[in-house]
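First to last, the protein sequences are chains A and B. Residues in the first sequence are numbered from 1 upward in steps of one, following UniProt numbering. Residues in the second sequence are numbered from 1 upward in steps of one, following UniProt numbering.
One or more hints might be untrue.
30 Å max Cα-Cα, derived BS3-like pairs, lysine-lysine [stated by the list, open to error]:
no.	chain 1	residue 1	chain 2	residue 2
1	B	Lys76	A	Lys170
2	A	Lys49	B	Lys159
3	A	Lys27	A	Lys8
4	A	Lys70	A	Lys117
5	A	Lys3	B	Lys85
6	B	Lys159	A	Lys117
7	B	Lys66	A	Lys159
In short, the hints are calculated from the structure, not lab data.
2 protein chains.
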Amino acid sequence: MAKKNTLKYVILGLLRQHDLTGYDIKKLFSCEIGDFWNSKHSQIYPELKKLEEEHLITSRMEISGKKLEKTYYMIKSAGIDALDKWLSDPLDEIQPTRDDFTLKLYFIDHRHDQRIKNLFSEEILRHQKKFDYLSARMGELFSSRENQEQNFGHYLILKKAILRENTQLKWLKDEYRSLKNN
Amino acid sequence: MAKKNTLKYVILGLLRQHDLTGYDIKKLFSCEIGDFWNSKHSQIYPELKKLEEEHLITSRMEISGKKLEKTYYMIKSAGIDALDKWLSDPLDEIQPTRDDFTLKLYFIDHRHDQRIKNLFSEEILRHQKKFDYLSARMGELFSSRENQEQNFGHYLILKKAILRENTQLKWLKDEYRSLKNN
DNA sequence: TGATAACATGTAAATATTTACATGATTTAA
DNA sequence: TTAAATCATGTAAATATTTACATGTTATCA
């Protein structure tokens with residue numbers, strides 16, 4: 001089996017929604033999309049050129065201000081076909097999380113090792129931040145029923161991520177409390 | 001910042017628990033460790049040699065049966081130091097999940113697109129399988145309080161993974177039901 | 001006893017991803 | 001008005017990861 005080249009489909013998916021520059025795509029990864037995908041600009045720009053060579057997308061140049069050149073990419077019908085094909089492919093095996101909190105915790109054996117408490121306290125902070133961010137985005141984007149219905153996948157993934165963070169935070173705080181009381 | 005080289009610390013962490021061959025390490029990734037880490041043997045063997053060159057681990061040869069050579073690796077004190085250092089480093093930013101169910105769902109806009117139901121049905125299957133596996137492992141490994149106390153990190157990450165799968169499955173099934181009823 | 005699965009260890013090549021190097025334009029706020 | 005932040009786009013080099021190629025052993029079961 002060929003390596004997955006997921007970024008390709010992420011780009012096609014985003015371009016199906018709107019024409020975008022490489023920079024726009026990069027910025028999207030710092031919103032809630034960043035919960036499930038990220039790529040650096042040094043990977044995005046070459047991938048866009050590759051997709052254009054494959055005739056899945058095309059580009060147009062726009063001048064912004066006096067001379068700033070922005071390259072907008074647009075999806076072509078072959079790109080939509082490739083995206084739809086991918087969407088219908090069966091799901092892979094579940095991938096490992098590669099989460100560093102989990103990884104580190106696994107290697108600490110003793111109940112009373114101070115490092116467990118340290119890990120929990122850090123983990124609570126970073127997930128609280130994430131939960132707050134995702135909740136705010138939910139409020140911004142999906143207060144109205146119409147918005148929910150019209151970007152239903154987007155709505156569902158946000159809902160799922162918020163539930164996950166909420167559950168995890170509750171667990172982390174519970175365990176942290178019981179670690180401190182023993 | 002240097003690239004993370006997480007496999008290095010995973011190997012050190014595992015070798016702190018027991019002496020292991022490369023093959024043993026590979027097999028561990030197909031147990032519950034696989035929930036948060038995996039590497040192929042083609043990455044493990046070279047990494048072991050690299051760690052030996054760095055004097056973080058050493059090896060001994062054992063003959064199994066008539067002539068099957070097995071190379072067991074053992075952690076050295078410099079390896080333990082490196083591991084402990086890593087365990088105390090602050091956590092990174094939370095990494096994107098790269099989960100293909102989420103990714104695909106995000107790109108489907110319409111509430112009634114049949115592909116949403118297909119995705120949910122596939123996702124429920126693979127997570128049910130995972131939940132069953134993790135629950136079985138919990139039973140095998142941590143029925144007794146002593147086992148829980150003596151591999152506390154291991155116990156906690158299993159507990160966390162099971163809670164995650166359980167919550168997620170419930171959500172998936174709820175949403176799936178409501179998708180079918182509308 | 002012969003096939004098959006699992007044990008066991010490696011290297012090579014391709015792809016994916018990150019970090020570092022590079023450059024210039026525009027907006028915003030002090 | 002100038003400094004800083006952000007916009008905008010790229011390439012090069014290093015590292016990480018996967019896939020494919022390669023080989024031989026041992027245990028199990030038919």
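For each hint, the structure was consulted:
1. B/Lys76 x A/Lys170: Since the Cα atoms of B/Lys76 and A/Lys170 sit roughly 39 Å apart, the hinted pair is violated (cutoff 30 Å).
2. A/Lys49 x B/Lys159: 45 Å, violated
3. A/Lys27 x A/Lys8: 17 Å, holds
4. A/Lys70 x A/Lys117: 49 Å, violated
5. A/Lys3 x B/Lys85: 34 Å, violated
6. B/Lys159 x A/Lys117: 17 Å, holds
7. B/Lys66 x A/Lys159: Status violated; Cα separation ~58 Å.
Hint compliance for this structure: hints 1, 2, 4, 5 and 7 are not met, and every other hint is.
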